[in-house]
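Given the coordinates of chain G, assemble chain L onto it according to the supplied hints.
These protein sequences, in sequence, are chains G and L. This note's numbering numbers the first residue of the first sequence as 16 and each following residue consecutively. This note's numbering numbers the first residue of the second sequence as 16 and each following residue consecutively.
In case anyone wonders, no lab produced these hints; they're calculated from the structure. Treat the hints with care, as some may be off.
A pair holds if it fits inside one copy or across any two, identical chains being indistinguishable in the list.
[As the list claims (entries may be wrong)] Taking lysine to aspartate or glutamate pairs in the EDC-like style, the calculated list, with each CA pair at most 16 Å apart, reads:
1. Lys222 - Asp26
2. Lys132 - Asp233
3. Lys32 - Glu204
4. Lys51 - Glu64
5. Lys43 - Glu27
6. Lys18 - Glu64
7. Lys43 - Asp26
There are 2 protein chains.
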Amino acid sequence: MMKIAILTIGDEVVSGKIVNTNASYLAKILETNQFKISKHLAVRDEEEEILKGLAFLYDNANIVITTGGLGPTVDDLTKEICARYFNEKMIFIEDVFNQIKTYYEKTKRKMPSVNKKQAYFIKDAIVIPNDNGTAPGMIYEKEHKIIINLPGPPKELEPMLHHVVLPYLKDKWDIESLKKQYRLMNIGESDAETILQPLYQKYTSIKIAPYASVGVVDYMLSIENKDNQSVFDRCCDEFEQYLGEYIIGDWSKTIQELVVELLRKNNLTLAIAESCTGGMVSAKIVDVSGSSHVLKEGVVTYSNEAKMKRLGVLENTLIKHGAVSEETAREMALGVKSTSGADIGISITGIAGPTGGTKEKPVGLVYSAICFNGKTQVYRNYCVGDRYKIRLRSTMLILYKLYCSVIKTL
Amino acid sequence: MMKIAILTIGDEVVSGKIVNTNASYLAKILETNQFKISKHLAVRDEEEEILKGLAFLYDNANIVITTGGLGPTVDDLTKEICARYFNEKMIFIEDVFNQIKTYYEKTKRKMPSVNKKQAYFIKDAIVIPNDNGTAPGMIYEKEHKIIINLPGPPKELEPMLHHVVLPYLKDKWDIESLKKQYRLMNIGESDAETILQPLYQKYTSIKIAPYASVGVVDYMLSIENKDNQSVFDRCCDEFEQYLGEYIIGDWSKTIQELVVELLRKNNLTLAIAESCTGGMVSAKIVDVSGSSHVLKEGVVTYSNEAKMKRLGVLENTLIKHGAVSEETAREMALGVKSTSGADIGISITGIAGPTGGTKEKPVGLVYSAICFNGKTQVYRNYCVGDRYKIRLRSTMLILYKLYCSVIKTL
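Just chain G, same shape as in the assembly (with noise of 0.2 Å):
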């Protein structure tokens, strides 16, 4: 089996400037596409502590994927460190200069002197082209070991990832695996896993692989024949059967992306009553380019007076059930539907913390309410988490929960 290594080189990452994310994200990607990540290692921008990580990393895997250090700088040693490596000369390619000078002038810039350098490779190397910088990687492959060289900036190795890393390697390895994708909400990982207990039992030969955040878990099932076509779909039905009331759809798509989607295809405006969320709502909706299409206005009424006078709730509602309650929900609810005259109005208060909680309304208590076609739906929830996972939970949930109600209504 083919095991790949990460390796980060950068002061910025060894020192905590910034986090690897990049490792992480190659990771995944590479994993949900059968291949298997052996080790990450990060190192500083050190010639001798970037030979002896390549060592280290090739001692159990054949590919070694590195991001960082191909800039135009006397610090970016990535390039010529592995043809040293590997004990190799650097020829220069002028199509590539001429490609990175091309890039400057797209920008309207002038190529300082430096950059010459970067369009040094090893004999005989693939070369990848970078649309979106100044740094190509590299592919190059000796005595069954290949280095690949990617930038470090996320927007332009991704791109690189996918549009040449991944057909190269897959190409190579004749990798035709089956692989489907599920996005679930309104359900933990512990619990779906927990579910899912007899399809890991029965289906050994699939790999079925969680990818949680707040209020999302992500799943993805693949195989890697392609023969086994009827076990797998097998398997998908059955995994369907099992959590179909979660799914959204596949990853390709977030909530926010769905529910403007969704409401735009049908004409359908959208009015957002926020309290402990205080903006997240409308926050992820405008998220979303076009969504001026949808959004019709977005209240905060955290306090009380606000409440009242913007939404109409009533004083007596909020003196006799509290502001965290079904009742101040629903007004808000049915309020900002009205004065906005949106097609649908949802709602949202419950109690954040770390304060402000007692016994009979804990902190992490929270009411949302959808008022649509007529009828006014409330939801009681608990969220687990700090200030700000409840809210985003709580947010996470209520867009969920909207994009279910206007499926169901429509």
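Quick look at chain L alone, frame taken from chain G:
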């Protein structure tokens, strides 16, 4: 000089399921305390891999800090394998076992029998108590090599680092360094670095380290020897002369915390009108516990209709100058102040992209306004980055402007 290497143990990190934030956190805290991080390595939960990793890291580091693998399951092998590496036996410590039991009792659960494993340590090792979980840490020294085992969850690791590991290391190496933190806003890292060039050249014995994130650049100035107080003070003075106008304080508080604190202290209330940021500014304010005393309300008037209806922006203004203009920003700030009755009204309107930009009004153009004390000040800025970054940068910027403006007025 003491060199520290970080060893992360766990399949979730290696396979890309979680980002290795522990490594960067440990590195940042240790580097700002005069320790040098040599490298980071992440390996799978496999005995041989962990042993090889330890051997590799001790090659040029005196101290290895591990994270992960201290749980109660059979996969959790860290302490056991470290004992094997040092050729030492583990012993059961009754006291620690009772502490783990007490932790379970506090959370009203019965301790499973597997947790007994967590009370085993190398003889004569220092046990690091864990107040936030069941996995105690361990510090052990043999033949000039030190191993420090910390658990994986950041909420458990971070207090153990600050309360036990740092004091232990400082005491051992008698490090009494001088340090000063600065938090800068309204300036980018490269501009700040350019301005600081003379300081870097003049004070070569002082470490000047920037840590940049969106909208914020943190600096740590430090020197190893406590006897250099006067030169260190001079360097800090000059730092403040160069960059004083951008300094908002030390690292202890975010800009939203400073804003909420300042307004609360002065009994001032705030109302927020957002267009392109879509609720981000309000959400940042609500991030701060206790912000309910300050935030009267927020409105997300993404559509022109909402800008007119909710804020009283004139139709003529929108037609003549457009939604992204000095005039609209001004009327939005005035409008949200007067309709809410708050002491301060702020607004933000801009082109977050990727579409919607023109030659006159390109993507990244953002107007923001602050209406306070009878005056309305409008700011025009160009923010770089993708849609999300443009929105986040403009959010940080208006919070900064608000903070400065209130301080100047009072």
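Hints that the structure is at odds with (numbers, increasing): Violated hint (a single one): 2; every other hint is consistent with the structure.
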